[in-house]
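Given chain B, put chain C in place with the hints provided.
First to last, the protein sequences are chains B and C.
Per the working numbering, the very first residue in the first sequence carries number 1; after that it's consecutive.
Per the working numbering, the very first residue in the second sequence carries number 1; after that it's consecutive.
You can trust all of the hints, since none of them are fake.
Which copy? The list can't say, so a pair holds if one copy fits it or any two copies do.
Pairs of lysine-lysine, DSBU-like flavour, derived with a Cα cap of 35 Å: (1) K367 with K97; (2) K447 with K23; (3) K90 with K367; (4) K306 with K237.
To be clear, the hints were calculated from the coordinates, so they are not data collected in a lab.
Values in this document were obtained by computation on a predicted structure and should not be read as measured data.
Protein chains: 2
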Amino acid sequence: MVSVPGGISYNARLMHAVTYQLKQKDSESSAQLGRVTTPHGSFDTPAFMPVGTQASVKGLQPTQVDGLGAQIILSNTYHLMLRPGSPLVKEMGGLHKWMRWDKPILTDSGGFQVFSLSDINRIGEDGVTFRSHLDGQLIELTPERSMRVQNELGADIIMAFDDCPPSGGIRDSGVWLGKERPAGMPQEDRAGVLGSGSGQDEDDEPESRPQTPDPGPRLSPMTRHAVAVEDYPARVKLANERTVRWLDRCVKAHERPDEQGLFGIVQGGTDLVARTWCAQHVTQHDLPGFAIGGVAVGEGYDEIKKVVQHTAPLLPEDRPRYLMGVGYERDILMAVRAGVDMFDCVLPTRNGRNGCAFTPTGQIRLKNARFAEDSSVLDEDCDCPACGGGFTRSYLRHLFMAQEMLGPILVSAHNIRHFQRYLLDIRRAIAQNDWSLIQRCWPVAVKRR
Amino acid sequence: MVSVPGGISYNARLMHAVTYQLKQKDSESSAQLGRVTTPHGSFDTPAFMPVGTQASVKGLQPTQVDGLGAQIILSNTYHLMLRPGSPLVKEMGGLHKWMRWDKPILTDSGGFQVFSLSDINRIGEDGVTFRSHLDGQLIELTPERSMRVQNELGADIIMAFDDCPPSGGIRDSGVWLGKERPAGMPQEDRAGVLGSGSGQDEDDEPESRPQTPDPGPRLSPMTRHAVAVEDYPARVKLANERTVRWLDRCVKAHERPDEQGLFGIVQGGTDLVARTWCAQHVTQHDLPGFAIGGVAVGEGYDEIKKVVQHTAPLLPEDRPRYLMGVGYERDILMAVRAGVDMFDCVLPTRNGRNGCAFTPTGQIRLKNARFAEDSSVLDEDCDCPACGGGFTRSYLRHLFMAQEMLGPILVSAHNIRHFQRYLLDIRRAIAQNDWSLIQRCWPVAVKRR
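Chain B on its own, in the form it takes in the complex:
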């Protein structure tokens, strides 16, 4: 039992809206099988959350998302704050009722999107002032505002508003340190300063090509135009300290702790000392879960691995650990074995919309001419509406060539099911204490690059 200011202890679980039950620990790694319970039901961990940025998992009805095996989805505070606005969602009965999804929902804090999508006006200790990417309206987002918006949306799990420094893996491109925006500085040049995770947002790159699991460093909107920085450690230190101060404010501002669980976020970039410092401070709060943020914002697999393997053990074992914005099958396997319980990523739906289908041996691009007369389904072992429904690669390719909506719909459904089946097998591997299942059935997760 760890004492924290205010005398609340980690054991006071009944106080929390969200609770974690550890069911089984793996014998050969830190992987753990568990179950998280929220006011809208439970979900099994390790879990993968499909992303429904604007209160909709793109192209799919909630009953279909449910049928694909998803037990919890993520929605984006930034988008819903701008359109239609959280007061309207609250008035309509909250996010669950409004979007017709009565299972658990997690909302992020909005920080990541403020920096990747909006026109930042000012960043300071109080918060961030930015212009809406929709209509140019000047809006301020602070820890208090993020909490109020998330309280109004009503998700089961809400995230702290944090400051997310850039990855050390792209240290040479660096980031902007300033408080005021330099005159004439392009919007993108300020990317990479704040916000957690990557790829959580379905709409930041609507016209982008599908993401493929190849890259050297993967460039997110947060990092692709980052400007030089003199003192990376100083920036990490500032972000960490601010993350901790902002978490204090989030905890104080959170008005529905008995209905919504607030997760703290550990920052620190790729600086392991900074990660340790941040984890120590963030976990001082008796929160129902903790996240590793600022990962997969441009760095490669090895850097992600280093940070996750270092940070996950610093988080309490009896609270779910959430690795924000990750990712590909191999990343997930590594993180699960480091003790991570929750994941989210836009890959299934974003790539699905672009005609890129996940399979156990890797992604395929359906627009490729070689699929024109391919009478096989995407994955013979898959039971999704596309594969189980008998839609051939030939037909799916036609849908994409003809720009038929049904193409994105079916491949998004398939990709979501792909990740749900993958997590199902990961949970099975932990339960049976036998990872050969993953070796055998998911070569994409274990192959060398």
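Only chain C this time, still in chain B's reference frame:
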């Protein structure tokens, strides 16, 4: 029993791939309840066919279309001929297997789209030469080619390749009569010369605003830029004679009469004498069904009514009568009472994609601000996935404002269900010999404009 050239009689029903069973006649009108049987099952008439232009009812899986009550769908020969090409569809096992719809399918002949979408190069007695709207490739479509393509696609009901003159209702704008395209003549100026029905094609106006049931003359792509014509009756005469000659060639070229039923099409514009002449000649063929073409290509309700009420009785009572490209609820009711059995229209899906929802009292535009906080569903009596699923107008409006795919999906589903429920009630009215059901439940169908 009527003798036709070749000695085949109307009673030789067992020869046909498609048969019609008359179940009940209305006592106060020519409405009739029936059932059409095809190699892929039966459908109840009067029937409304959703349109799946490119082998997909836009945004919906075939199982969903089935669930909405559709028993037969329409697909477009022109589009599939160009992409992916009928040989590929044939190689993949035919349209039913390829698109995963194992119930009846009807394909049109391609004529309407050739004139509304392509760049016509030459029109002659043999057929039409045009440039593909996709890649500019020069393509010839003749009665024989249309039959071969439709034989390869493998629909249960295939349509004759016909010449469709413009409606007399827009006689003052007229049409181009020429055989060769005059140099420098804009593409649209040749519209309105040939092809049956209107609005069968989901893609001819992808960016169009939703169609509303108001208009004076409704302008289709075929008529909106028609040029002056000197002699409308002469054009109708030519089209009629050609339609009859081309039908002869279609009948001869049709290679799968035991697996696919060929429907003849009656043209004649708004000239009732021409309609009579055409009907007499077209029905000389022992075909399993007959269509009224060239209606709803720009003329108003009264003109459509005049033509349909005149022409339907000229078609054999023991074969299904199909009114191509119609239409709104009031048009359908009028035509059913004139003895029509089959309808198709893109309205449910095209308007659905544009945020226009059909209700028993008329269409509503969901983008209208007054729906922002409207917590009611589209139609309290509807059992579609949108209404039955509890999606409010507020949420649906949000989906359209945020350009989320789920908006078009849900409203298309609702609109298809709207028309299926409407036809269900029409069949009920005939069966119970009580039209007060329509008066009571479908005010949109009986209200004056």
